[in-house]
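S.K.: Line by line, the protein sequences are chains A and B. Residue numbers 1 to 364, in the UniProt record's numbering, belong to the letters of the first sequence in order. Residue numbers 1 to 364, in the UniProt record's numbering, belong to the letters of the second sequence in order.
Treat the hints with care, since some could be wrong.
Pairs count within a copy or across copies, as identical chains cannot be separated in the list.
For lysine-lysine, the following DSS-like pairs were computed, each having C-alpha atoms within a straight-line distance of at most 27 Å [to be verified]:
{"hint": "1", "residue 1": "K344", "residue 2": "K35"}
{"hint": "2", "residue 1": "K150", "residue 2": "K35"}
{"hint": "3", "residue 1": "K283", "residue 2": "K344"}
The set of hints was computed from the structure by calculation and includes no laboratory data.
Letter by letter, the chains look like this.
There are 2 protein chains.
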Amino acid sequence: METVRVNLGSRSYDIALTHGATANLGAFVRAALPKTSSVLVVGDSNSWPHAESIQATLTRAGLRAGSAVVPAGEASKCLERLAGLYDALYELAADRSTAVVAVGGGVIGDLAGFAAATYNRGLPLVMVPTTLLSMVDSSVGGKTGINHPKGKNLIGSFHQPAGVWIDLAFLNTLPAREFISGLAEVVKYGVILDAAFFAYLESNSHAVRTRDPGALLRVVTRSCRLKADVVEQDEYERTGLRAVLNYGHTFAHAFETCGGYGTLLHGEAVSIGMECAAQLARKLGLIGDEFVSRQTKLLDALGLPTAPPTRWPADDLIAVMRRDKKAVGGQMRFILPTRLGEVKLFDDVPEPLVRTVLESAVSR
Amino acid sequence: METVRVNLGSRSYDIALTHGATANLGAFVRAALPKTSSVLVVGDSNSWPHAESIQATLTRAGLRAGSAVVPAGEASKCLERLAGLYDALYELAADRSTAVVAVGGGVIGDLAGFAAATYNRGLPLVMVPTTLLSMVDSSVGGKTGINHPKGKNLIGSFHQPAGVWIDLAFLNTLPAREFISGLAEVVKYGVILDAAFFAYLESNSHAVRTRDPGALLRVVTRSCRLKADVVEQDEYERTGLRAVLNYGHTFAHAFETCGGYGTLLHGEAVSIGMECAAQLARKLGLIGDEFVSRQTKLLDALGLPTAPPTRWPADDLIAVMRRDKKAVGGQMRFILPTRLGEVKLFDDVPEPLVRTVLESAVSR
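When you get a sec, could you build the whole thing from the sequences and use the hints?
M.R.: Structural data, given as structure tokens:
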């Protein structure tokens, strides 16, 4: 078992990386949360087989384990499903010795995490991500939340987990489209923070794409470490440092909002968003053609899309970007690369340039 | 203007105590939140006249000020009204330079505070309490939340305000029953932390009850300071110290839940709860008859009730107490006095004693 430690003072926690060892999760929860006597296991229709065996594991470890299941998909990140989890916690007679165990992808982590953040003013949370995207991104860093009909993740809070349990064997049964979608965030870490990791992905794209266990362990461990490094330095997204993680995301959120949640997987939107961001950076003269083509080539090699499936009106996309959580005073903000492994925040990008990038995105 | 400073590291803030000087609120907000350019003023039908003039004040100070109004009463602390505030924030195009200004009693502070805690993963919050109860209690300490149909404040989070603005002139128009209700928490501070303050209240009960401005300033300032002292030492209710503030509240929440929100005002329930807690402490031999009678006499002198208006079944009350947020593993926990100005946590009180206290409460 490998471990990535996230150092956040009294809120520090371990990310455990295993392969088919989930029978040991009970011991992990007991060690991370010695005072916990009961848990609510939350999953969705996709993760339910994992969630059920995890519930059994936790019961064997002496924990009173209830469960709640929500429909799979982004639409479950809503007030109604949140209220359902509150009811489930109430039925379990949850108190301060109760923890929430989120078994699933980003939707489950965000929704169950937000329920944990807000029930009884905060219950401990254990993340058990079952998708690549949630293993390398959403399970680490403490962001929880649900969607507002008008914007993604508009409602939420920072609530660090007490532990993250990653079982790479869960990736064996993940549908190809979803697995590949998760690789977008992996590529992102290379672009924004680690040129050597980017080069590793270039050289090993086939092993990664075919889920070679050794490649997976390296990719997931390195991604978690890179994200943890950033979160440790800017837990609440205040200094601006954590914003580097949003590379490609201003575009991506606009694609997801205008397309309706569910048309594009999050990672797919991020992949297209990174392509747009790189194009924008090139137009601003921050980087050259070689950067753009290396990134496009890697995304292609991993099976990721680099252009939106339909031509959404640029006006609509820009309107969403101006209301993005990361916008301030209606000004669009972009994280753009200055060289491989380094990005910076730009808040004075001329709108016509953004428009040009959006309008040429489909025809590329 | 008097100021009570709440020292919480990077989350420190000032409580400003004024009398009829709310025209200066704009400057106070500007000083506390130099980066804020827009505000959502939230009030209810009771506080609306204050909220409207505050909105005008903030506009004059150069802030873009939107507003939202919810019906008065505990029933507004629900997911539906919360969703309404999210919508209002969205309509205001709220971003990280937007603050929420809560103008009203505890319901508005809790509801608007929770919206601020969870919109965009946290907006700054300014509390402008308009009732005595919210001035001396709910505006200070960072607790925000809404009710679950089955339990009070079951959903919420800790979110410290960036500033609290108390205008004692607001108390002039407060209905007598509500003003008196707020005095229960004032008496509580004397009982749990400050015997001299308790004695001051005994000697000045008439001046306090008739809202003498000098007495009010002293009572509110001292109450805020005492609460701030506790919150500074146990911001997240983890060490057990903050639990002293729950004196009378385990009983009170049961009365409020069984009676239905709205039958008793919160302070009335707390007053009855303190009477029950004192009776329980006497039966356990922690205190003598003199303590109980001094407390009863002071509550009486201030016009507060010391017995529930109807006889709720003890079984129902005890069932609620076992599910109280402060309960652990179904064990009831009580904060009980050991002498005037000192309380301790007891988690091994025999249920039959609690039952006796509850059953004799009406007939006293």
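S.K.: Go through the copies and call it for K344 and K35: within, between, both or neither, with a Cα cutoff of 27 Å.
M.R.: Close across copies (22 Å), not inside one copy (43 Å); limit 27 Å.
S.K.: If the cutoff is 27 Å on CA atoms, where do K283 and K344 land: within, between, both or neither? Let me know, please.
M.R.: within (15 Å within a copy, 67 Å between copies)
S.K.: Pop the pair K150 and K35 into one bin, within, between, both or neither, using alpha-carbon distances up to 27 Å.
M.R.: Between copies only: 25 Å across chains, 40 Å inside a chain, cut-off 27 Å.
The structure meets every hint from the earlier list without exception.
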